[in-house]
Each structure stands twice: as C-alpha cells, then as structure tokens.
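Here is how the chains run, residue by residue.
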Amino acid sequence: MPNFTRPKSLVDVPNHYCPGCTHGIIHRIIAEVIDEMGIDGQTIGVCPVGCSVLAYNYFSCDMIQASHGRSPAVATGVKRAKPDRFVFTYQGDGDLAAIGTAEIIHAAARGENITAIFVNNTTYGMTGGQMAPTTLPGQKTQTTPFGRNTAVEGFPIRVCELMSQLDGVALAERVAVIDPKTIMGAKKAIRKAFEIQKNKQGFSIVEILSNCPTNWGMTPLESLERIKTEMMPYYPLGVYKEGSIR
Amino acid sequence: MERSLMKGNEALAEAAIRAGCKCYFGYPITPQNEIGAYMSNTLPKLGGVFVQAESEIGAINMIYGCAATGTRCMTSSSSPGMSLKTEGISYLVGADLPCVIVNIQRGGPGLGSIQPSQADYWQTTRALGHGDMRMPVFAPYSVQEMVDMTSKAFDIAEEFRTPVMVLADGLLGQMMEPVSFPDSGTTGSSSPTWATDGHDNKRKKNIVNSLFLEPIELENVIKERFDRYEKIKEKHCEAAYENTEDADIIIAAYGSTARITQTAAEMARAEGIKVGTFRPITVYPFPEKQLQAACKNAKKVLVVEMSMGQMVDDVKLALDCKIPVEFYGRSGGFVPGPQEVLEKIRGMM
Ligand SMILES: Cc1ncc(C[n+]2csc(CCOP(=O)(O)OP(=O)(O)O)c2C)c(N)n1
Ligand code: SF4
Numbered sequence: 010m011p012n013f014t015r016p017k018s019l020v021d022v023p024n025h026y027c028p029g030c031t032h033g034i035i036h037r038i039i040a041e042v043i044d045e046m047g048i049d050g051q052t053i054g055v056c057p058v059g060c061s062v063l064a065y066n067y068f069s070c071d072m073i074q075a076s077h078g079r080s081p082a083v084a085t086g087v088k089r090a091k092p093d094r095f096v097f098t099y100q101g102d103g104d105l106a107a108i109g110t111a112e113i114i115h116a117a118a119r120g121e122n123i124t125a126i127f128v129n130n131t132t133y134g135m136t137g138g139q140m141a142p143t144t145l146p147g148q149k150t151q152t153t154p155f156g157r158n159t160a161v162e163g164f165p166i167r168v169c170e171l172m173s174q175l176d177g178v179a180l181a182e183r184v185a186v187i188d189p190k191t192i193m194g195a196k197k198a199i200r201k202a203f204e205i206q207k208n209k210q211g212f213s214i215v216e217i218l219s220n221c222p223t224n225w226g227m228t229p230l231e232s233l234e235r236i237k238t239e240m241m242p243y244y245p246l247g248v249y250k251e252g253s254i255r
Numbered sequence: 019m020e021r022s023l024m025k026g027n028e029a030l031a032e033a034a035i036r037a038g039c040k041c042y043f044g045y046p047i048t049p050q051n052e053i054g055a056y057m058s059n060t061l062p063k064l065g066g067v068f069v070q071a072e073s074e075i076g077a078i079n080m081i082y083g084c085a086a087t088g089t090r091c092m093t094s095s096s097s098p099g100m101s102l103k104t105e106g107i108s109y110l111v112g113a114d115l116p117c118v119i120v121n122i123q124r125g126g127p128g129l130g131s132i133q134p135s136q137a138d139y140w141q142t143t144r145a146l147g148h149g150d151m152r153m154p155v156f157a158p159y160s161v162q163e164m165v166d167m168t169s170k171a172f173d174i175a176e177e178f179r180t181p182v183m184v185l186a187d188g189l190l191g192q193m194m195e196p197v198s199f200p201d202s203g204t205t206g207s208s209s210p211t212w213a214t215d216g217h218d219n220k221r222k223k224n225i226v227n228s229l230f231l232e233p234i235e236l237e238n239v240i241k242e243r244f245d246r247y248e249k250i251k252e253k254h255c256e257a258a259y260e261n262t263e264d265a266d267i268i269i270a271a272y273g274s275t276a277r278i279t280q281t282a283a284e285m286a287r288a289e290g291i292k293v294g295t296f297r298p299i300t301v302y303p304f305p306e307k308q309l310q311a312a313c314k315n316a317k318k319v320l321v322v323e324m325s326m327g328q329m330v331d332d333v334k335l336a337l338d339c340k341i342p343v344e345f346y347g348r349s350g351g352f353v354p355g356p357q358e359v360l361e362k363i364r365g366m367m
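Chains as they are written, first to last, in our numbering: chain A, 10 to 255; chain B, 19 to 367.
The shape of chain B in the complex, shown without the other chains (with noise of 0.2 Å):
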C-alpha cells in the first residue's frame, strides 16, 4: 500500500489505471478535467490509449466500441455532458458492455454552473437512458472511496456486464486527501468470449448488438438483466451507517454532502439531540434495507441533498412511509454548512 496526497479526480483516474483501464475517452468540462489530463500523462506511456473525443456522443461511442472488443475502458464527464452521453449509455446497456462511466457533477439545469451539486441524482438513477435499464451507481465521500469504488466499479461492470457509473461531485473532484493505492488490482480477462475482436477463425462470429425485433426476444433479454441487476442488489448494494441504535433522527446522505451531515449530528449530539446518520454508498441499487434497519427506532429522517430534493424520493420509498421524513437541500452550487443542517435539525426537535 502506497500512500500519497492527491486531489480527488488524479486518484481517481490513477485508480483507473490500476484497476487494469487500457483506454481512456472524453471531452473536456469543468470540474473533472484532471482525470483527462492524467490519462493524457499516464496511458500512453504504459501502452495504453488516451482520446480527446469531438464531442461527449463521441466518447461515449469510441468506449462502446472500445468495450466491444473487450477491454477495459473508462470515460469521465460532468453533469451537461453526461446529458449527451445518454443515447450511448442506453445503447451500452442494451448491447451489455461493461466500462466505468464518470460523472463529477456540477450545477444545473442548461449550463447551470461549475460549482459543486448533486443535482444529477435523478438522471443517473432513472433516466441515463431511453428504455427499461439500469445501472449501478456509486457515490463515494472522499478520495480514498474514489479510488476503491473506482477499482470496484470496473469488477462489477465485467462480472455483470453492464456499465458501471462513479457519481461524485466538483468537491470531491478538486479536494486533496491522502490516499493508499492497492498494489495491483484485478485486470479482467483479456478477451472474453462474446468479445468482437475478430474470430480469427477460431470461434463462431460474435455480434454486439441491441436491437430485437421480436417482442419476445427483446422482453426475454430485458427480463435476464433484469436478473442481473437483483443479483447486483444482493451483493453489491452497501450503505454505512452510525449511531443509528439510539437516534431519534437519522440524517441521510449521500457524497461530500455525508461529510457536512457527520459533522452536523456530531453538533447536535453535543447539545443532547440523539442523531444517527446513514449513508448509501451505492445510490443504485438503493440500499433500502439497510436504510430500514438503521432507520427502526428513528422518529424522523432528515434528507440532506445538494439539491433541491432527489434522493429523498427513495428514502421515502425504502421507509414507505412510515416514518416521517424532511428535506434539507442546497442548490445552485451552494455546499450546505453544518450550522444549516443544525438549525434544520432543532427545528425538527
């Protein structure tokens, strides 16, 4: 184990790296440019590819292509340009490639802003594509959870192939912590068997391909990944959660904004108010059960979001209402202070 000081998105990319990613695709936007220009720096010198794409559509299609042939490869972006990389997700999942997807998100809608947000919430966990899909997010907090989700996030996109999204935030993207790198991780296979590398006459032709005419065919494959994504659910989906035992409010959040609220419920534990505080890791699949648990002595939650309201959509949904659950967001790129979702807290009392 290495340990080295480095800003969020440098890790993350170097964690890439590790991870056994030989080609890297994307296209300029703020606040996730070093992961391009650490790519840049580093691949090419380990035999490796570096793309600067003319656009995020053609990023999104050189890692499709790219995955096709089987190899591991990443692309990066943020919140406007995951909205163009949309059509190509949607075709990656139907074709069942695995890449790791990126997104630092920033300010929104339009052009919105360049400062820290978690206004994509919604887009990454519902809508990252036309059609019945999915696919699993994580949401680390600091930079080590960038580099070890990062790392993950390549496994459970071969295992399962699918995409596999990092969602985090401008914050964390430009934040510097120490970091430990593992020494090696897990490269995949070289050239798995539905890969469309050229059969050299060896093998049956592969097809990548999302189109099905017949009904039956397309529902028979949707249904299977489907499957797919309940086994993700069993064996992937992670929350953390503390001082949930005695709460009587638990505040939940997700990224840099659980670093804001860990501070909160500390000041709130300070003046005698019991507050547990509960994290989802990956944002989906949503870690409903966990959340029940930490949640079952709870009188209240309070969802904190930097956003005017996502997440706090499936914590409703995961505690079905049975618990009373408030909102606290920030948006425009405004990163809520602790003494705010104090106050938050005391009036919640």
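For reference, chain A alone in the conformation it holds in the complex (with noise of 0.2 Å):
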C-alpha cells in the first residue's frame, strides 16, 4: 500500500479549519495538483476573506491575501505582471457570488489566464453562518431564521451556470468532495484547469460544493449527506464550459 503522506505544496503546520470540514481536502488536492505538475516555485496564490483567510499559512507556493472579494482583481494585477507563473484564487461564496461578482464576471470576461477555487458552501462560514447568495430556498441561517424565503431574500446564483455565458471562460465546471470518486473527479479538474492556464487558454473555475458542518448544525457526516441530497440537485455537477477562448 504507498504511504499517505503530506503533499510537499501543503506547509507541515496545523491547519485551522473546523474538524470534518472539506477546506482541508480542497487544500490537499490542490497542494496533489500542484505537486505533480512540479510548479510550486511558479505559482502565487490569493486568499481573500473567509474561512481560508489563513491559507497563506498552508501553501508553500508564495501567496497573497486579498481583501473580500477582490482576490480576481488582485490575481489579475499578478498575472499581468508575471504572464508565466501560475495564479490561483481561493474563493468562497459569499467571497465570489456576493461582494466579488463585479470582479470575477469580469475576470472572466477579460479571459485572465487565472483559476478560481471557488469554495460553495451556501453559508458565511467565517461570520458566522449568515445567508450567502448561494444559500438554498428554504434554508436557515443566523440572517435567515425562518430558512430562506424567495420571495423576500431571492434565489439562489449557479455561479457555473453564470459563467458558462462568458466567452472568456476556458473552464466552468462543478465538482464536490463527498467521498473518494467525486474527491477524484474535483483533483482532475483543478489538474484541468491549470493545464488550461499553462497553455494560456482562458479562465478558469472549478466550483466545489463544499460543507460547513459547524454552521450548518450537523455531524460532518449529515453534512456531506446534505450535500448530496439538497445541495446536487439545485447545483448539479458537471463540465459547463471547456474549450480554450483563444
């Protein structure tokens, strides 16, 4: 049997992520990706506000934290500058599909040779678990008690769905982390995507629908059940786009 060891792109230190919550996978596969295509040295990450604010702490490539939001903006600043390194964002959903959707359309649309991570948990994690624009009709939050009322907080975005009516966009595929087949699948398709930025085809996104078992009120395990039972059916996985924009 190999070993199970620590990717060499994840820094030997602990992590502070909640005990059963999917950022740790989503850090290794990444940290697995980078490892195999040997481009730790050229790669920059950006972590902006969220759960992963302290990312920067876990990746050996060298990384910047960026304010909420506008990690595509600040991706885009680093890959302008330095065209052949390779430039991730690490983005959840409030991050991404709220406070930072003016940036990432428009990072998309531009075609930036970049990748978004984006992280779809349907909550605010780091705040507390309030109401985030992916949270699902009728589910509850500290700002949405009662569960989420379409009629007066509004439905839900498909942030791949969205990004799919991009020409820019080179990759827009949803993935999730539930158990080892679709932990597989999520790995080949960040693998995809930096593929796509190596060969400069356009802008890419891996949504992963992800879990927050402290916010949500459960077991990890009733977590990643959720995910499959409530979550996939609202945001099903699949390849969105593919094909290089140039």
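Keep in mind that a hint or two might mislead.
[As the list claims (entries may be wrong)] Output of the computed footprint for chain B on chain A, the stretches with three or more beta carbons under 8 Å from beta carbons of chain B:
#1 60-73
#2 110-116
#3 122-136
#4 246-254
[What the hints assert, rightly or not] Pairs of lysine-lysine, BS3-like flavour, derived with a Cα cap of 30 Å:
#5 Lys222(B) / Lys209(A)
#6 Lys223(B) / Lys17(A)
#7 Lys362(B) / Lys17(A)
Quick caveat, the hints were computed from the structure, so don't treat them as lab data. Think of the CB as a built atom: it goes at the ideal place given N, C-alpha and C, for glycine as much as any other residue.
Using the hints, put the two standalone chains together into the complex.
Next up, the structure:
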C-alpha cells in the first residue's frame, strides 16, 4: 500500500479549520496537483477574506492575502505582471458571488489566464453562518432564521451556469468532495484548470460543493449527506463550459 | 533634457513611464482621462501593461496584485473614484506595497462637479483608508512638478515600501505648459526580496498580508511603519516659500491655488502691503518646520484653498495658534481669482 503522506506543496503546520470541514480536502487536492505538475515555485495563490483567509500559511508557494471579494482583480494584477506564473484564487461563495461579483465576472470576461477555486458551502462560514448568495431556498441561516424565503430574499446564484455564458471562460466545472470518487473528480478538474492556465487558454473556474458542519449544525457525515441530497439537485455537478478561448 | 509642450495629465503619464512604471490599471473618470488614454497608447508598445478595470475597486486591487510581484505600477482617478479605492489603499499600506496613486481632484461631495477642486485634502491626508495609517502625498503646482514628483513618488514608494499619492486637480491636469523630462529615470529593482512573484524553489516562500491576529504583532508592525513615516518626514518633507523675511502676511496655498496666491501677493506688494507666500509641496508629511520658519516675522497668515477650508487645519496645528490664521476659499468648482484674494488681504490689514 502506498504511503499517505502530506503533499510537498502543503506546509507542515496544523490548520484552523473545524473538524470535518472539507476546506482541508480541497487544500490537499490543490497541493497534489501543484506537486504533480512540479509548479510550486512558479505559483502564486491569492486568498481573500473568508474561512480560508489563513491559507497563506498552508500552501508552500508564494501567497497573497486579499480583501473580501477582490482576489480575481488581485490575481489579474499578478498575472499581467508575471504572465508565465500560475495564479489561483481560493474564494468562498459570499466572497465570489456577493461582494466580489463584479471582480469575478470581469476577470472571466477578460479571459484572464487564472484559476478560481470556488468553495460553495451555501453560507458565510467565517462570520458565523449568515445567508450567502448560494443559500438554498428554505435553508436556515443566522440571517434567515425561518429559512430563505425566495419572495423576500430572492434566489440562489448558480455560478458555473452564469460563467458558462462568458466568452472569456475556458473551463467552468462543478465538482464535489464528499467521497473518494467525487474527490478524484474534483482533483481532475483542478488539474484541467491548471493545464488550461499553462497553455494560456483562458479563465478557469472550478466550483466545489463543500460543507460547513459548524454553521449547518450537523455532524460531518450529515453535512456530506446534505451536499448529496440538497445541494446537488440544485447545483448539478458537471462541465458547463470547456474549450480554449483563443 | 527634452522640452515639450504638454497637458498636465499626459506629462504625468509620460513621467511615470520614464520612471519605470510597467503596469497601469484604471477606470475612466473626468478630469483625468488623458492619463488612461496615454497609458493605453504607450505602455503596450513598450512591453508594459494597460488594463481598463471594471471599477476603481478592481483597479486598486490589480495594483495590489501587481505591486506584490515587485513591479512598478500606477493607478489614477478623480475624487469619487478615490472614495472607492480607499479599502484597497488601506490593504496596500497594511501589506507595505509600493505604488503610485494619482488623484486629479474634482468637486464633491457626491458626484459634485467636474471642475477643479481641492476638497479631498482631508481624505488624502487623513482618511485614505481605515486603520492606523498615513501615506506620503505630493501636491504639484505646475506641469513640470507633475513630472518631477511622479518620478520621485516611485522612488519613495519603493524605498519606504508604501503607496505614494500625487494630488493635483482638474486645472493642473488639463493645463498645457512646457516641460522637460529627465532622459531616463530610476527604474527600480527588478525583483525585491519580499515580492510574491514565484520562489522558483530558490528562496523561502513570501507572503503578502495585512492580517495580524496577535495584538502585539499588529502593534509592532504599525509602529515600524510609523517609524518609516518619521524618516520620510526627515528626508522628503518639502515646501517652497518666497518674500517671507519682511512679510506681515504670509499666504499659504498648495497646488494650482498657489499660482493664484503668488499673483495676488505680487499685486499686494505693488500696493505696499508686505506679503510673502508659502507653498507645501508635500501635504503629508506637512512641512511644519518650514512653515514655522517662513512665519517667524509674520503677523497674520492667510490660507487659500479651493474648498471650504481643509489644509487650514494643518496650518493652525503647525503654528500652534501663535499667529492668527484666516481663511479664504471657493468651493463648487470655482477657482479663486487673484483680485478676490487681494481684497481679502486688504481686509486683513
Ligand atoms: C469589506 C468586508 N466586509 C465584510 C467582511 C466580513 N466577512 C469576513 S468573511 C465574510 C464572509 C465569508 O463567507 P464566504 O466567502 O462564503 O467564505 P467562508 O467563510 O464560508 O469560507 C464576511 C462577510 C470583511 N472582512 N470585509
Ligand atoms: S466555519 Fe464552516 S467553512 Fe469555516 S472552517 Fe468551520 S466548518 Fe469549515
């Protein structure tokens, strides 16, 4: 049996994520892709505000901490200055689909050669579980205590579907990380995104259906089950757009 | 030295390029659009980068990313756009990233007007972002100074790892004057040791960050930064003053207003009123010592601004209320005329 060891591109420090949170898995598969491509020294990661704000301590590549929602603009600045480097953002749903909507849409529309890793956990994890733009109809959060009422709070945003409409996008794919099979699929999608970047084929986004056991008030296992039974029907997995923009 | 006739905004853009600015990110707003136009036409031909961002927020965050790689970069805007940039500026300060930010001021608040104004003085010198922070601000008063100070701004930004502001107004931006450009400026170090530009497994990883959860850590970082502000104060605090030795009245004004007060002072002298002029060139750090020296024999000080009175606060602070300070200003996009200022001077006698 092969050894299960830490990817080289993850720093050997304890992380601060809650027990059972899938942020850890997502970090791991990104690091594995970076290892496999041998690009640790050529990669710059941008982590905005959210539960993953401290990700700059976890990845071994150069890291930039950015303000809430703006990492696609920050990544644009990095990539335009250093077009041969790999640049990725690591964003939550509040970050990417609420406060940072303009930045992500325009980075995608410009066809920036960057990769957005989009962690959709249907809530604002860091600030204590408020409604996110991806919160499902009926879902209870700190600010929708009676469940999201679409008549009042409107509807969730399906980011990959939205992204697929933009000509600058070379990859928009939705994956999950709830079991070995989906985790392998997620890793494959991230690898694809980085290859697209390498070949300068355009903007890539990988949306990862993720959990937040803490703010969902569930055990880790229950939370993974919820991804399958409640999130996947609303946010179907799959490739929404693929192909070089150039 | 080449000499040419140029608009302030265009001269500033050319000066930035000669100072080694490789990337420009901006969003259109009057009265500074000539800067973006010039950059979009010139930078790409030189292998540089021009991006018209989705907003001023986008632009300042592109600057954040670009500056993090150790690349010389600049953004420009005008008053309403500066308000949008403030969060990003605070992050730039918090992460010690060098860059040059230009504000060609217009009237406010709100959408205000597109006429010249100096109403962003408070914002620029006190409130360019949240948190315990300052940043050096140059206030040119001629097209030539727009060139010279833009060039200097890049060097100071890099030496002290801070954003530096060039604060002008619509009048200077739109005005044409003969200027000379330095043949070639300094172009900065290509890859500073702190840059997040990919470590190539040759150095330890770098992190660009403004988050410090431990109070003692954050306090130390801020104190170190304020020590740098002190050094900037010692080395780069600038002012110009004239005819102050025998003057009863000193007129203090910065930027394009200082051109008007110069004329007013000459008119007053012609009438036998002893007037001298004082012009801050850096408005942060404010040239306190120079002002005190210029005012040592003065009986009164008159501050003139294109605002309801903002820099006047710094003048009073610097003079410690030892000399009476009066104010004359126009707002709403009016440029005060020398005659108006002269009337005010006569009234002070
Ligand atoms: C300008 C600004 N507004 C608000 C906040 C507070 N804030 C921090 S994280 C966050 C939400 C993060 O949610 P999400 O992006 O979904 O990431 P998660 O924490 O769930 O991983 C908010 C609102 C902030 N840091 N900056
Ligand atoms: S709050 Fe939620 S998203 Fe954040 S670390 Fe904990 S479980 Fe994960």
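We went through each hint and held it up to the structure:
1. 60-73: holds (count 9)
2. 110-116: This one holds; 4 residues, not fewer than the three required, reach chain B with a Cβ under 8 Å.
3. 122-136: This one is violated; 0 residues, fewer than the three required, reach chain B with a Cβ under 8 Å.
4. 246-254: Three-residue rule not met by the segment 246-254 of chain A, so violated; n is 0.
5. Lys222(B) / Lys209(A): Holds: Lys222(B) and Lys209(A) sit about 27 Å apart, inside 30 Å.
6. Lys223(B) / Lys17(A): 13 Å, holds
7. Lys362(B) / Lys17(A): Cα-Cα ~72 Å, so violated.
In summary, the numbered hints that this structure violates are 3, 4, 7.
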